[in-house]
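Participant: What follows is the residue order along each chain.
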Amino acid sequence: EPEVTQTPSHQVTQMGQEVILRCVPISNHLYFYWYRQILGQKVEFLVSFYNNEISEKSEIFDDQFSVERPDGSNFTLKIRSTKLEDSAMYFCAGEAGRNTIYFGEGSWLTVV
Amino acid sequence: AQTVTQSQPEMSVQEAETVTLSCTYDTSESDYYLFWYKQPPSRQMILVIRQEAYKQQNATENRFSVNFQKAAKSFSLKISDSQLGDAAMYFCAYRSPRSGAGSYQLTFGKGTKLSVIP
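Protein chains in written order, with the numbering used here: chain A, 17 to 128; chain B, 5 to 122.
For the record, the hints were derived by calculation from the structure and aren't laboratory data.
Each residue gets a CB set at the ideal place from its N, CA and C atoms; glycine is no exception.
Any given hint might turn out to be false.
[Stated by the list, open to error] Just the calculated beta-carbon pair ranges, DEER-fashion:
id : chain 1 : residue 1 : chain 2 : residue 2 : range
1  : A       : T126      : B       : I50       : 19 to 29 angstroms
2  : B       : L88       : A       : T126      : 45 to 55 angstroms
3  : B       : K74       : A       : R38       : 36 to 46 angstroms
[What the hints assert, rightly or not] Derived list of chain A stretches under chain B, where covered just means 3 residues or more per stretch with a C-beta under 8 angstroms from a C-beta of chain B:
id : region
4  : 27 to 41
5  : 86 to 98
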């Protein structure tokens with residue numbers, strides 16, 4: 017099974033700093049997602065992205081967050097000014113339109 | 005909005021035995037998809053099995069099978085011949101079909117932590 021790859025696997029950042037998490041989806045995937053999981057809690061939806069625009073976002077995905085796919089391959093999540101409560105595992109996911117979502121290995125963000 | 009409930013925070017099973025993890029969900033839709041994801045200590049989310057609601061036949065993938073009861077809105081996961089590598093957090097998830105009117109996001113339960121005893 018091809019993989020969704022994410023970088024970095026772990027990042028520690030100071031509160032207030034900008035963070036960019038990167039994802040390389042599987043080549044035939046058309047829909048892309050970011051989910052997050054705060055330690056010990058369930059996985060939460062952040063945003064979905066299709067045809068170079070956001071198709072759906074949750075209330076978590078406020079103005080501090082943005083996504084883009086600048087070069088047609090990498091899919092990025094930017095957090096403009098990180099807060100302590102942004103510490104979580106961030107999962108990128110992709111879908112080829114067959115109603116099955118495949119997740120990457122996650123990027124663990126620690127805000128100090 | 006759809007909700008997914010996993011009522012067993014933790015379960016344990018003896019190696020080589022069978023265990024069943026429970027999941028119930030709430031929806032007003034007639035067509036949807038259900039999934040079980042495994043999250044080992046590495047924290048990667050791994051798809052275990054998926055079930056389309058319009059299919060009456062229960063999905064199976066090797067040692068993993070589901071018991072899908074649409075009327076009861078129940079979707080349990082059975083793991084046969086449990087192995088040490090099955091120890092993980094298991095999440096049940098619901099998703100509307102892309103052709104439907106509902107949200108396309110996955111809605112997850114809180115998870116069940118499965119321990120496998122040697």
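Participant: Three residues minimum, CB to CB under 8 angstroms: does the region 86 to 98 of chain A make the cut for coverage by chain B? Let me know.
Facilitator: Violated: only 0 residues of the region 86 to 98 of chain A have a Cβ under 8 angstroms from chain B.
Participant: Is the gap between the beta carbons of L88(B) and T126(A) within 45 to 55 angstroms?
Facilitator: Cβ of L88(B) to Cβ of T126(A): about 29 angstroms, so the range 45 to 55 angstroms is violated.
Participant: Given the range 19 to 29 angstroms, decide if the beta-carbon distance of T126(A) to I50(B) lies inside it.
Facilitator: With a Cβ separation near 23 angstroms, T126(A) and I50(B) satisfy 19 to 29 angstroms, so the hint holds.
Participant: Quick check: does the Cβ-Cβ distance between K74(B) and R38(A) fall within 36 to 46 angstroms?
Facilitator: At roughly 40 angstroms between Cβ atoms, R38(A) and K74(B) fall inside 36 to 46 angstroms, so the hint holds.
Participant: Holds or violated: the region 27 to 41 of chain A covered by chain B, criterion of 3 or more residues with Cβ-Cβ distance under 8 angstroms?
Facilitator: With 0 residues closer than 8 angstroms to chain B, the region 27 to 41 of chain A misses the three-residue bar; violated.
In terms of the numbered hints stated before, the structure departs from hints 2, 4, 5, listed from lowest to highest.
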